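Engineer: Taken in order, these protein sequences are the chains called C and F.
Taking our numbering, the leading residue of the first sequence gets 4, the next gets one more, and so forth.
Taking our numbering, the leading residue of the second sequence gets 463, the next gets one more, and so forth.
I should point out that these hints are in silico values taken from the structure, not numbers from a laboratory.
Note that the structure is a prediction, hence the values are computed from the model and not measured.
Keep in mind that a hint or two might mislead.
[Claimed, not checked] The list that follows gives simulated cross-link-like pairs (lysine-lysine, DSS-like), each with its CA atoms no further than 27 Å apart: (1) C:K446 with C:K564; (2) C:K446 with F:K484; (3) C:K446 with C:K49; (4) C:K11 with C:K52; (5) F:K688 with F:K595; (6) C:K557 with F:K595; (7) F:K618 with C:K189; (8) C:K604 with C:K678; (9) C:K596 with C:K375.
What follows is the residue order along each chain.
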Amino acid sequence: MRPEEWRKLGLRDDEYDRIKEALGREPNRLELGMFSVMWSEHCSYKNSKAVLKTFPTTGPRVLQGPGENAGVVEIGDGLAVCFKIESHNHPSAVEPYQGAATGVGGIIRDIFTMGARPIALLNSLRFGPLTDERVRYLFEQIVAGIAGYGNRIGIPTVGGEIYFDRCYQGNPLVNAMCVGLLEIDKLRLGKATGIGNPVILAGARTGRDGMGGAAFASVELSEETEAPDIQVGDPFTEKLLLEACLELINNGDVEGIQDLGAAGLTCAVSEMASRGGTGMDVELSKVPCREEGMTPYEIMLAESQERMLLVVTPEKEAKVHAVFKRWGLTSTTIGRVTEGGMLKIRMHGEIVAEIPAHSLAEEAPVYYPESKEPAYLKTTADLPLATIEEPEDYNTVLLELLASPNIASKQWAWQQFDYMARTSTLVGPGSDAAVIRIRGTNKALALTADCNSRYAYLDPFAGGKIAVAEAARNIVCSGGEPLAITDGLNFGSPEKPEIYWQFRQAVAGISEACRVLGTPVTGGNVSFYNESNGEGIYPTPVIGMVGLLADATKYCTSSFKAAGDLIVLLGDSADELGGSEYLALIHGRVQGKPPALDLAKEKALHHVVRTAIQQGLVRSAHDLSEGGLAVAVAECTFENQLGAVVEVEKGVLRTDSLLFGESQSRVVLSLAPDKLSALQALAEEENVPLHVIGRTGGDRLQIFIDGNQYVDQTVAQLRTVWQEGIPCQLP
Amino acid sequence: MKFGVIVFPGSSGDLDAYHLVKDILGAPVEYIWHEERSVQGFDCLLLPGGSSYGNYLRGGALARYSPVVSAVVDFAHQGGLVLGIANGFQVLTEAGLLPGTLYTNTDTRFRCHFTTLRVENTETPFTRNLDRKQLLSIPIAHDEGNYYVDAATLQKLEANGQIVFRYADQNGQTTEEANPNGSVSNIAGVCNETRNVLGMMPHPERAGEAVLGSTDGLTIFKSIIKYWEGRQ
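Pulled out of the complex, with its shape left as it was, chain F reads as follows (with noise of 0.2 Å):
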């Protein structure tokens, strides 16, 4: 299967999603750049963390209107599987294809640090690998985590098994401690109804070797890669 990573304007994180396919995953990737229109020959998106743009105005608010974003749109609503990466989950809820915004954290600083994450839903693409409940060890970089959904669509949300990750500490509880930045309900990744679109705030592709702390978040692409070879 073949994955590909966006390349918006200014965009900083590609490069550590690339190489995780790539070195890590020994899976075949390459670079698409915001101005292409077509994402054809690509089985899973990645809309990578950093920034893009700058993040001006807001992060993925710019980023949201270059011209690969519409095709980005077009494959996810024929099931084409897109993970959206801190930025990219940011993209993607200004694209309209994942519920939510994204706020400044509340304490209004960057925050870099590593995160115990829970996991809600093993029912998706992204996470049929992992175990409900487990605690992944994952980390963020943003000031724009803070997830926010009004009370109805997160009603609907846990409905639909759309939450996917929530930030725990160590035992597994979804604690205010442990919530680092303020997103409501703790939530720190969801997915669209479909289930093919997860967009999540902390690094999985940070996360894929022992010296830098975690192999965690290499079974979320090891889910997707077994997921895709199930499918066909």
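Chain C on its own, in the form it takes in the complex (with noise of 0.2 Å):
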């Protein structure tokens, strides 16, 4: 074979040297591309893989960690949640409806696979600035794109994300999360057990489309960059593929069962064998096509949508076709599970692909990238403040800020999704995080996705950290319990040893957070190459996190309920400018580090901030972020059109480091007066800093510093500034 066939395939000369040796022999032109996509970067993490083994995953409720489909962490009652986070960047900045819709299709997959309903939908997306005409239109198509799969199937889209900025401009990504539920002695893994069982394959009739996906995600967007055919989302048969593959596995009809995303049927089969340390016999001419003639190397390689791969017992099989049938879905056995871990892929009976199960699923080379600090933090690491001037007119600054699509309300999106679908969202989008309920029980999941590329930009392992203490922020505000995270890295090309710097950093800090806030990794997605034109994206490691509510009934959101109710701040304010908002839209600079993080005071936050809500102590709870302090009390003043007057002090802080500062371990609080003992009592024991800043009240927003005002404005007037930031942007 001459070097061009593989390394037009993406595969290095080393790797063909190693896949020579797996067989024993050159491997023939199909079983080439079986490698060249289980190899390529987005089904083996060769990359990453050695880095993402220092995360921290297990725990007491980890019932599976990473390896599987998705994460499942137990929650009583004899249930789990199953939950993963995936990215679906590059096919969306390609075909953004469809690449947006397969993107959501593929991790509900995920998740029924594990033997889960799915119960709820988040996303995490980020583009360039609304100002171009490309990324309007890639937005508007990427949340219709979500919505019209995630309404269509009937599981509601609850909460996540939207950022914007440049570096996004020609790679937005899109990270799609799915979280469900499980009766834990339903769950059901990717494996192949049982020789002689049955190999079926259910679902959409395979096609030409998405061939060469996989290694499609793992390289560089450019200008020249072939797309393969992007896959065309049919959440209508998902739908029937979730009721009859759900049904089979509540009814113990399932050994082991496994959904085909990227590369096909090569990875269902390689995957499911390796795990079951068997091999399988598998005849092409069996796989119900949606084309005539199509190849055997086109069949293995499809990523047509809507497919799962299941084992059963021959004495279920007819019953399962059957089960299928009544669904209104096509189902075929295909193979037969064997001894001794060879996959046999035939064509008529005539073996064309012959390469042991293990090799292909496991056997990636792992790598580790050459590592190197990025030069650009020698210049940003610096902000001395005196450098930037304070503003004359808060009321302007805190307008333009809230106008900001980074802040402004994202409801032009989420107005898009059926977050009430199912009848289960106590809390839906646009509070710190959503709240579902689970039927049958008295307890709720609080759900939520974060991420501040901005500071990971400018430090990536405390980017890394803050992102998991701010989704832990956001779910404990809402009050429920971390329980533990998926991540969606996203990052450029591990290639260059600045951006893998970048990501080992992130992946540490992570790591550290998790450790100390007690939310283990259970799984996630490592989405690299995302560059175009060769600028990478600010390294983005999306943290979604999952929390429970031992008591559905005690759940709290961000806005302020009652006049005449006090407000509060937990947590210190310093001096903190670095990669806040303020700084980029203002004074137009990205700079500085990220605030400081302190895990145990962090920690100590989140406990007076949950056994206050527990205790129907507050009102209200809402964490602080981009916008800092004054943004923060003025979105609790919007939803009941409720104001406030604020009365801080300055002490040795910058004005604007007060107002608009996004220091870490903060929360705005309301409360009735009379509740305010016993939230100091609790404050105090975890030594948390309370400060009681003002009164909730009247129809404007007010703040003070050392009693002169700074802040003006009518909630009305902020709110429609707020709502309108994005939709003004939008023709």
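Dock the two chains into a complex; use the hints.
Structural biologist: Okay, structure coming up:
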């Protein structure tokens, strides 16, 4: 075979040698194709595996950590929550509607594959500035694609985050997260066990779509990048597949099950056999195809959506086919589980590929790419505050921040999501975390997805750490106990030492925060090569977190509820403007170090907030993030259009730090005055600083510092600016 | 009285209707599979919201050909109570049980939020517990809810009292701003001439518990039960 043949498929020369070694001979073209997709970064994590191993992945509640289709965490009552986040960045850059839609479809399949009923979707989206026409198109289509799939399959999209920054202009990020519920004894894994057991392919027919998608995901985008045919989502078929698979799993009719995603049939057969320590004998002429004359290569590599591979016992085979038929789906026995670990792929009986399953699924090379601290950090790290002029008019600055698309209401997007489907959404999009009740129990789940990539750019370690802390703070402000995370790690090319350094640092930061906060990593997704025309995105480690409310009635939202309540700030503020939205928006600088984060203090804060909510001491809780104190308090006034008078002391701080700085481990609470002493006692016990900073009431937001008025606006005016921030940029 | 929730291929809102009847109303309810050819034994049929057949082609266009729909049509013609919610409303118009058609929302986007409905007619089995001009807070979740009939039909609907709900503002005014999808004359729900079949785009089954933001939808279901009990 000529070197061009494997290089064209993205394989390195030494990787080709490794393949020859695994086979004991030269591979044929199909075998080479199968290796190229399974050993792509997207499927093999060859560049990230060694680093990902450093994540804390165990805990008393973890039933399934990384390595399966999704993580599983026990929540009592014999129930478990199954969840995962996954990226669909490159397809969405090329064909935004279908790219985003199939991203949602793929992550839903990962959840019901485990035997879990999907109950909620979240997403984390990043775009270039909305002033760009192409960006507006991407934004509208990606939101529509997410809505189109989630709404039609009937799973509520309940939360997430949307950010805009120039670094995402040519390479938007679309990370979709799905959360499911299962009875622990119904958990099913993607394992092929039982020699002689039939292997069944069910769902959509196989077409030529998405050929080589995994390899496509593993290169940088440029003007010349040739995109594969992007898959088209079919939420109707997926809904039928979901119901049929859950019916079969709940009735105990399935031995092993896995969905077909990246690398299609190749991935499903090799991973299932490898996990089960078995082999498979597969006859490709049995695979129902959408087009005539499809070659073994096309059948093995196509990424047609809405397909599942099942291993069942011979006794259940006919019943399984009957169930799929009743749901109006095609299902075909395409092979058998065999002894010896070999994959034998046949076409009309003739062997067209013969590869040890384990070498495809597990023996991709593991790389330890070079890593080097990026030079830009030397120039960004230093932020002499004296060079930043303090604004004269704080009203204008607050209005500008509220109108910034990064802070402004995301209602334009989430109003397109059917967040009420399944009638279990207690808190939908727009609060700190979504809260979903669990039918048949008194419990609820709190769900969030968070990342501040500007912090991660300025200090990837701190950025990773803060992403976890902020996610946990959001869960806590909703009344939940943080349980575990899934991570969506979006980075540039790992072949650049500076990018790889960012990746390692971010993982280390996430790990440290997860260890201290007790939220193990149960899985996730690495998306490298997020670059366009040589420019990398900001490192964007998105944290999807699940929390538990033992009592579903004790949830909390961010908005002020009653006039005359006290407003309390927990946590201390410092002169920390590095990486802030204020600094970027008002002063046009992405500079400084992200705010400091002391995880012990963060944990203590969580304890106080959660206990206060459980004991019914507070009426609202909102974490401080982009835009700092002034923006957080403004956000609390919007829903019930209930104003506030805030009076703070400046001390040694700059005024802009005090109002717009983004110091960590801070939460704004509102509470009835008679509850203050109980809250104070709680805070004192945990050594959490508590400041009474004002009262709710009226229809204005007024902020006084040392007795001088800095902000005076009607809530209606602030709210309008905040609501119009995104729509006013769209035609 | 026994409710039946029709399950079309890909039905996504069947669960919501089923749970409201079973858990909140505490009334007997069963799912009815789309291949059923008889709906015997049921007193009120619910065609659920969400989507069916992925809402391909247009909402309700494919579900309308399910075998069970012929049984629903016969049931309705015999005076049986039928409530179509959102996608169910679309199925009922496609099946000819209700006049009009549902176009794509004027802004072409899916919209999910609470709306205010004004009760236009209380002389139906579905609204007898309500007051005329009463305002209800009930959410919508659709992208094809733009109700259309021609002017002559509109006049006829008006004259027959077939317009049951209109989108209104908090003061009960049927303003343009209160109309979320461009429906003609702010129409949110209509019934047939004999008033035993109601279709509405808003989701009363999602407004049955205070924790979900409103219990106003429950009144519609309670009206149905009261009507049925009175008829026995």
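Engineer: Work down the list of hints and note, for each, if the structure agrees.
Structural biologist: So, going through the hints one by one against the coordinates:
no.	hint	result
1	C:K446 with C:K564	23 Å, holds
2	C:K446 with F:K484	20 Å, holds
3	C:K446 with C:K49	40 Å, violated
4	C:K11 with C:K52	24 Å, holds
5	F:K688 with F:K595	20 Å, holds
6	C:K557 with F:K595	36 Å, violated
7	F:K618 with C:K189	56 Å, violated
8	C:K604 with C:K678	23 Å, holds
9	C:K596 with C:K375	19 Å, holds
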